[in-house]
Amino acid sequence: MRRMVEAAAPYLFGLAALAAWEIAVRLTHTPPFILPGPLAVGAALVQDFPRLFPALVFTVGVTVSAFLASASLGLLLALIMTSSRWMERSLFPYAVILQVTPVVAIAPLIIIWVKDTRLSLLICAWLVAFFPVVSNASVGLRSADPNLVSLFKLYGASPLQAMVWLRLPSAAPFYLAGLRIAGGLSLIGAVVAEFVAGSGGDRSGLAALILEAGYRLNMPRMFAALLLISIVGVLMYALLARLTALVLRNWAPTK
Amino acid sequence: MSADPKPLIAVEGLCKVWPNGGEALRDITLDLPSAPQFLSLVGPSGCGKSTLLRLIAGLERPTRGTISWPAAAAPAIGYVFQEPTLMPWATVFDNVYLPFKIAGVSRRAARDAIMEALRGVHLEDAAGRYPRELSGGMKMRVSVARALAPRPKILLMDEPFAALDEITRLKLNNDLLALWEALSMTVIFVTHSVFESVYLSNRIIVMAARPGRIAADLAIEAPYPRDEAFRASALYTDACVQVSAALKQAMGEAP
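Those protein sequence lines, which keep their order, are chains A and B. Start counting the first sequence at 1; every next residue gets the next number (this note's numbering). Start counting the second sequence at 1; every next residue gets the next number (this note's numbering).
Treat the hints as calculated values from the structure; they're not laboratory data. Some hints could be false.
If you only want the chain A side, here are some residues facing chain B, beta carbon under 8 Å, derived [claimed, not checked]:
id, residue
1, GLN47
2, PHE152
3, LEU154
4, TYR155
5, PRO159
6, TRP165
7, PRO169
8, PHE174
Glycine is no exception: its CB is placed at the ideal position from the N, C-alpha and C atoms.
Let's have the full structure, built from the sequences with the hints guiding it.
What follows is the structure in structure tokens.
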């Protein structure tokens with residue numbers, strides 16, 4: 001019984017908060033262009049679905065492509081950097097520069113340079129998301145047990161064998177932690193880039209929809225789009241957490 | 001010992017100085033006969049026991065001096081570390097398969113050797129399990145099986161049982177002796193424990209620290225097989241007293 005209450009607690013809290021919100025909006029007669037109640041948001045979600053859904057598909061498309069690009073190019077870059085001290089010395093400072101420059105500041109340039117909106121957004125989102133993958137994977141590739149490294153050496157393993165059978169698996173927990181961060185960052189990057197790009201044409205995503213709804217004071221639609229963005233973020237995180245648990249199921253609980 | 005025309009290992013004037021100037025080993029000269037020997041290296045921390053082992057394994061390069069293999073060019077070496085040093089992502093079977101995998105032997109071709117090694121350490125039923133499911137003693141057994149599966153001519157063990165509880169250690173000592181007698185190989189066993197070294201070895205080299213050097217080279221004449229009764233014998237007690245005295249002297253000499 002107690003466990004059931006505990007499991008239900010976050011849902012109950014959410015419902016209570018929504019109810020309080022709806023009641024407060026109604027009691028104070030707050031106009032929907034200031035703050036819509038949850039019921040109005042729900043209605044907008046249903047009514048505007050034909051507009052929201054393509055935007056959702058667009059944003060998810062950019063987010064997932066940016067994430068996949070971060071996951072693959074990030075690992076590749078980490079492999080290159082850990083293969084030699086020289087490579088790391090040459091490349092790492094630039095990775096840091098890309099990371100610390102706010103995407104909002106570079107996004108206008110990229111959007112001007114790259115004709116294809118979708119591609120320019122993808123590049124922005126990738127810039128935000130790739131760094132944690134690179135840095136985590138680099139640490140992970142160096143984290144192999146030194147005794148196991150010795151053992152590979154003793155048995156005359158080639159660098160490629162040591163890479164595939166020792167360094168890559170040793171890096172997996174670090175790499176996956178990097179991916180979990182990159183998942184959220186891809187979405188943030190995609191949304192921020194869309195904001196910078198503004199509502200351009202019919203191929204625009206949820207952030208562009210939020211901007212447009214803002215101009216029109218269509219707050220319920222704005223909230224509906226916001227809700228969808230949150231759901232995408234939560235789903236990304238949940239999927240990556242699931243993937244981590246699946247891959248690492250045989251790892252020791254600690255270490 | 002140097003009367004042996006073709007020793008298994010001939011160590012000549014071996015010195016190891018670390019890049020920071022620390023002198024790990026000074027002028028180690030030592031022959032191991034081609035007949036199977038159980039040699040223990042005993043000495044205080046910092047006497048270079050582990051360094052000597054790593055040099056013999058070829059994991060470090062000597063600063064001066066040579067290690068040669070007059071009896072047979074570079075025989076197969078097995079190495080057991082203080083930690084089990086297993087790959088957490090691989091099953092017991094795949095951990096033991098590692099030396100074969102690196103050598104390019106198929107799982108099928110290696111299967112019998114692996115299962116025999118696992119039988120040797122009483123873990124034939126654990127082949128499909130993962131390291132996280134094993135106790136500390138079982139992990140160490142897997143580590144021993146991995147070292148023994150390719151049938152090395154020489155087995156190097158770097159304080160392999162130091163982290164285990166007393167009961168498990170005694171059990172593993174007996175198992176190790178049985179394997180040594182069955183497999184006709186030379187074992188070089190690094191330990192802190194006078195009692196462990198006397199129980200296991202027919203030769204004990206006592207080392208002094210800073211710089212690491214040989215302080216005494218003692219033969220333990222007691223016959224094999226040895227069992228718990230040996231621990232109660234006068235031979236055992238006398239040998240322990242002798243080794244302890246040599247160790248005390250070696251430590252007194254250290255500045």
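Violations among the numbered hints: 1, 5, 8
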